[in-house]
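Visitor: Residue numbers (numbering that gives the first Met the number 0), protein chains in the order written: chain A, 0 to 136; chain B, 0 to 136; chain C, 0 to 136; chain D, 0 to 136.
The set of hints was computed from the structure by calculation and includes no laboratory data.
Every clue listed holds true.
Coverage of chain A stretches by chain B, computed from C-beta distances (three or more under 8 angstroms per stretch; other residues unrestricted):
no., segment
1, 26-38
2, 45-57
3, 77-88
Restricting the straight-line Cα-Cα distance to at most 20 angstroms, the calculated cross-link-like pairs of lysine to any residue (SDA-like) are:
no., chain 1, residue 1, chain 2, residue 2
4, B, Lys125, B, Glu93
5, B, Lys97, D, Val82
6, C, Lys25, C, Val70
7, A, Lys11, B, Glu84
8, A, Lys36, B, Glu14
9, C, Lys80, D, Lys99
10, A, Lys92, A, His65
11, B, Lys97, D, Thr108
12, D, Lys97, B, Asp112
13, C, Lys25, C, Gln106
14, D, Lys31, D, Glu93
15, A, Lys31, A, Glu14
16, A, Lys125, D, Lys125
17, B, Lys92, D, Lys92
18, A, Lys92, A, Leu21
19, B, Lys97, B, Val70
20, B, Lys29, B, Gln19
21, C, Lys80, A, Gly26
22, B, Lys80, B, Ile114
23, A, Lys99, D, Lys125
24, C, Lys11, D, Glu84
25, A, Lys97, C, Ile114
26, D, Lys25, D, Gln106
27, B, Lys11, A, Ile44
28, A, Lys92, A, Asp24
29, B, Lys29, B, Glu110
30, B, Lys97, C, Val70
31, A, Lys99, B, Leu79
32, D, Lys31, C, Tyr15
33, D, Lys31, D, Tyr15
From a predicted model like this one, the values you see are computed outputs, not experimental measurements.
By construction, the Cβ of each residue, glycine as well, lies at the ideal position given by its N, Cα and C atoms.
Now for the letters of each chain:
4 protein chains.
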Amino acid sequence: MENLRQFFKNDKFAEYVGIQLLEVDKGYAKAKLELAKHHLNGIDIAHGAAIFSLADLAFAAASNSHGNAAVAINVSISYLKAVTEGILFAEAKEVSLKPKLATYTVQITDEQDDIIAIFQGTVYRKKDKLNVQKNFP
Amino acid sequence: MENLRQFFKNDKFAEYVGIQLLEVDKGYAKAKLELAKHHLNGIDIAHGAAIFSLADLAFAAASNSHGNAAVAINVSISYLKAVTEGILFAEAKEVSLKPKLATYTVQITDEQDDIIAIFQGTVYRKKDKLNVQKNFP
Amino acid sequence: MENLRQFFKNDKFAEYVGIQLLEVDKGYAKAKLELAKHHLNGIDIAHGAAIFSLADLAFAAASNSHGNAAVAINVSISYLKAVTEGILFAEAKEVSLKPKLATYTVQITDEQDDIIAIFQGTVYRKKDKLNVQKNFP
Amino acid sequence: MENLRQFFKNDKFAEYVGIQLLEVDKGYAKAKLELAKHHLNGIDIAHGAAIFSLADLAFAAASNSHGNAAVAINVSISYLKAVTEGILFAEAKEVSLKPKLATYTVQITDEQDDIIAIFQGTVYRKKDKLNVQKNFP
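Bound-form chain A, shown alone (with noise of 0.2 angstroms):
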């Protein structure tokens, strides 16, 4: 949990937005962002870009959860639902672990736990371990 908190504070993007990490395992991650008017866009809906920073979180931890760094090739995005209020989670599965590539789907869910959006996306993993004290796990 330590760890967790070293990680999010490296994030110095996600904490900047305030996405938070509740949870990692090998594999998998879980995120959240309580929604505030910051995220909001131009017609006081929650942006595009601050719900594809709450699952990237996710989708990052869970990455780089093997403990090798882990940097993003690719993702899509696929938005289901507008949501203007309270907090959406990201989840973060793992679909596939390679050696050199990894891929990922996230789900983004508000608190009806409807699906608010999709996001699919793969890494490329490094030969690079991260570095546990600066980084993270």
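Using the hints, position chains B, C and D against chain A.
Guide: For chains B, C and D alone, kept in the frame of chain A given last:
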């Protein structure tokens, strides 16, 4: 230009992240992001979600440029080069415009004009006009 | 079942490629492809476009299962494992259904139940009803 | 030119579907598909998977043009215009080439030069050289 500033000010998330809309025209937009510490991830490179947020503003501006409210359905982004500092630019171009749907490509470049990421997105175009006073353009 | 056969027979491309629709229900479909030599690429592994074609039939059947003509807007596919022979299955599930738009995920597996590819797609739903006699369901 | 024919002949699926490779150069390729009845779907428009197959051949040729075997990791395709007959063209351009990864955009057009679909794909580049005698180029 006053209108653009309006649009930018109403997009709370883009403003919070520090993204600036530089140009917008029918089916076209350009935005920039000057990388600061809060745009980095846990390994001190520009965060994928910060790059997405930049591209997304150009996409939103271009797709809303015809006066109808346009909401993102789907986006795919491919990350091509890691960056750690400097200014990033995103340029959105319209590929297709139909009554209900429109599709855009966005190219994200750095100050050396290297392509950092490419982005392809589709919007659903509502019947509602954007509120010109409040929103854009 | 007679209706399914109808649908399959009307989809000339799927029939030509050799894809069979196994099941279809509201928002759900399953299809299979028995790999033959003409499904391989230049290095004798199952062609990415043949795998896409299989997934696409399940996607089309699931998205047309409500009776309205649905046309694909966008698809993302990630390839996870190379295969050279055997039978592939694609299972499409509805993630979101709205009056104009609907989104599906499709999982492609082999006979060992390993995931070969994942597919995420969105359709635009027309007002036109499918011609039940001629088309489906 | 003889080499191109070789490549095309070894790609059993592309040949079976009826796709022709017109040009290939380092990081570039162009292919065509003359629409026939077996390329149509159940409502008699060009099948999304046939269009994908066309784009995929241009993508494969461009990404294998440097001599290393390249396998598709991820593809996103957006469909922009329905077509029922005529000749379709796909033109693949390299956006990024790194030792392990490369990314391409493919534009699919009809005889009126209208854009039918856009395609964005990434490959993993293996160390293995393509067998020049057997494969390409």
